[in-house]
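These protein sequence lines are chains F and S, in that order.
Heads up, the first sequence is in this note's numbering, so the first residue is 1 and it goes up one at a time.
Heads up, the second sequence is in this note's numbering, so the first residue is 1 and it goes up one at a time.
Do not rely on the hints blindly, as some may be mistaken.
Intra- or inter-copy, both count: the list cannot distinguish identical chains.
Stated by the list, open to error - With a cut-off of at most 30 Å between alpha-carbon atoms, the simulated DSS-like pairs for lysine-lysine come out as follows: (1) K8 x K221; (2) K383 x K159; (3) K248 x K159; (4) K389 x K278; (5) K278 x K344; (6) K22 x K248; (7) K8 x K248; (8) K344 x K248.
Quick caveat, the hints were computed from the structure, so don't treat them as lab data.
Number of protein chains: 2
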Amino acid sequence: MNYLLSNKVASLAPSAIREILKATSQPGFIPLAAGNPAPEAFPVDDVRAISARLLEERPIDCLQYGVTEGYQPLRDLLLARLDIAASTDDLIITSGAQQVMDLATKVLCNEGDVVISESPSFIGSLNTFRSYGVRLRGVPMQSDGMDIDVLEDILRGEKNVRFIYTIPNYQNPSGATMSLTKRKRLYALALQYGVLILEDNPYGDLRYEGDAIPSVKSLDKDGIVLYAGSLSKILAPGIRVGYALAPKPLIAKMTVGKQASDVHSSMFSQLLVHEWMKTCDIAAHIAKIRDIYRAKRDLMCAGLQEAVDAGFLCYNRPAGGLFLWCDLPRQIGMIDIVQRAAKKSVAVVPGSAFAVEASDPINAIRLNFSTPTNPQLTEGLQKLTTVLKEAST
Amino acid sequence: MNYLLSNKVASLAPSAIREILKATSQPGFIPLAAGNPAPEAFPVDDVRAISARLLEERPIDCLQYGVTEGYQPLRDLLLARLDIAASTDDLIITSGAQQVMDLATKVLCNEGDVVISESPSFIGSLNTFRSYGVRLRGVPMQSDGMDIDVLEDILRGEKNVRFIYTIPNYQNPSGATMSLTKRKRLYALALQYGVLILEDNPYGDLRYEGDAIPSVKSLDKDGIVLYAGSLSKILAPGIRVGYALAPKPLIAKMTVGKQASDVHSSMFSQLLVHEWMKTCDIAAHIAKIRDIYRAKRDLMCAGLQEAVDAGFLCYNRPAGGLFLWCDLPRQIGMIDIVQRAAKKSVAVVPGSAFAVEASDPINAIRLNFSTPTNPQLTEGLQKLTTVLKEAST
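Please construct the entire structure, taking both the sequences and the accompanying hints into account.
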């Protein structure tokens, strides 16, 4: 049978990263491609104790249907941790932050509408936007965030822009952080052009130096920012808990959308997160995982020094997050590097996977430092340096 | 700010049932509205032991990212339980069966396409279809399943029908089961008109008498049936585990869609279900919950006898599932009954909530017998009988 697919998904391809992950998940591969938290960053003892307690004291609450908006005490706790003045009604629990992208696009976009994104950007979100048949426009990333002048050009030229997608902190994949000045300009432009902002902040807590910069949402006096948060990077991604914070009319519609998508997120997961946030020392845990990842970042930077000195690549050291974006010189092709690395059992992602528009000029690789063990990091970067040498001759 | 919503969600309303549930979830209300499993039907001891073991032996597998298709050993086990010949590649794990509806519609339907459904039908699925801007056509339910002659009329008259939605076993809300004869006719018609079938089977294991009837999917020699299964009614809904079984090209596209929706379903939930299916006596557990629900159904039927004898309502006793559909005579209005019952702290759902098309002539209420305790059932039906008496005079 010849299956007729909807226009919006017909040309949709699986995430290149998740395909690379499948291809390189055999034992022996050095994983510099994924964005998995380090196993030692999971608070396993806490999760074990909390699960036992929950299933002892209130098993039915963990197993029974819940309301679509999410577990009320968890919504309260999540809101209290943010630098944002809002009420619990403005926040819903989602099945990971990915679902915020899904619900926001579903609620806001007709096919053919325009979404503006930093370029490069997180392929998972880009694919969600694409899955609703929107047209993507990319704004080049700079070391202090998106190029606001290009953003303004696009806003001036495009009708039907529905929202601007940004990851202001330790952006995936570039590692860049948007300055406060640019956050304010972004906000002012969005307001001027009557466009919403979708602010995705999965890495905000993974800050390895410097001070936190206020979220774009914290500037939102006009109800134009949708904020996506996640527990994936500070607690665990496998349990799928994220949240959306947005103006009430949008939260109400996203709730109806979520009802139609998956009814509600896992109650067991939600109660687990709630109990963890309520009874454990979250600040101490975050300090601990910052130390783990800062050390890994530094190990990666050290391992890349020879290649940098030889002119094989260049990068801006990220102040947080999980990724290093390495631009390659013209004579070294990114696909060639990815393939050569794979032959040496090292998995890296070509920068093209994160392109917003097909025409975006990208010759880069993205490296992840959270997934590999420290010995894997050292070995992987030695191999990568060898590969770069071979490719450049 | 005036928020511009997408056409497909602009007119979408929250599920009437979930709203009724919120309104009637105060303590003291007798819950005949929801479809929650009975607390005593959860295998709490098993879940407790399995969770402890999983978090002791392989915590990282529970907490780390997984692949979008789902946990492979669970996919194998789920397939092995079905009366369907297929390979594991034809099956993906979803965040509840609700997500099967979401992904199937997303993959198959453009706005304006037609979906045919039994009428009345499960509001959760109908709202999912609506959330993609499809046009719904309803086929009246009869005691042995949908009216196949009307189905044929619709298929003859409508272009762009993408699929036929059916709950063949103990349908929600009607309680009716489709005969094998009708399943075969449905299949033959779908094949003849080149239309897919979306078979939703959340209640199949909740059979209180008679023999199981082969699934429509088991008749599928031509790759035209998408099958949705769920763990919500036999294990627990709160952990959100369902699955889709469909031809490979559709599963492949649904997987890409799921990647964009929520990346994957909770790994902890998936491992929990797998371990439960692998190590526990599932058949004995299902026999136990059948006994629980059969007794509740019979208690409900006994409690309705006076109202039936007085001509206040009539129903077909369902051979399985969780619901009783009560048609009301013309002189008793369903909304009046729902409101009068609520005043007496009894929650029931008006049949109109399950209408496929606004013009469907429905004057009925749906009663659920799994959620209330047995004393609540008796008390609730006494109050309902009083309400019916009052409304009919």
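message = Checking an output row: K344 and K248, CA cutoff 30 Å. Within, between, both or neither?
response = neither (51 Å within a copy, 32 Å between copies)
key: K383 and K159: within-copy, between-copy, both or neither at 30 Å Cα   = neither (48 Å within a copy, 58 Å between copies)
query = Is the C-alpha distance from K8 to K248 at most 30 Å within one copy, between copies, in both cases, or in neither?
reply = For K8 and K248, both the intra-copy (28 Å) and inter-copy (19 Å) Cα distances are at most 30 Å.
request  = With 30 Å as the alpha-carbon cut-off, assign the pair K22 and K248 to within, between, both or neither.
outcome  = between (39 Å within a copy, 18 Å between copies)
ask   = Is the C-alpha distance from K8 to K221 at most 30 Å within one copy, between copies, in both cases, or in neither?
value = between (34 Å within a copy, 28 Å between copies)
request  = Go through the copies and call it for K389 and K278: within, between, both or neither, with a Cα cutoff of 30 Å.
outcome  = Answer is neither: 51 Å inside a copy and 50 Å across each miss the 30 Å cutoff.
key: Identical-chain pair category, K248 with K159, by Cα at 30 Å   = The answer is within: 25 Å in one copy meets 30 Å, while 39 Å across copies does not.
query = For K278 vs K344, is the C-alpha pair at or below 30 Å within one copy, between two copies, both, or neither?
reply = Classified as neither: same-chain Cα gap 45 Å, cross-chain 38 Å, threshold 30 Å.
When each numbered hint is compared with the structure, violations occur for hints 2, 4, 5, 8.
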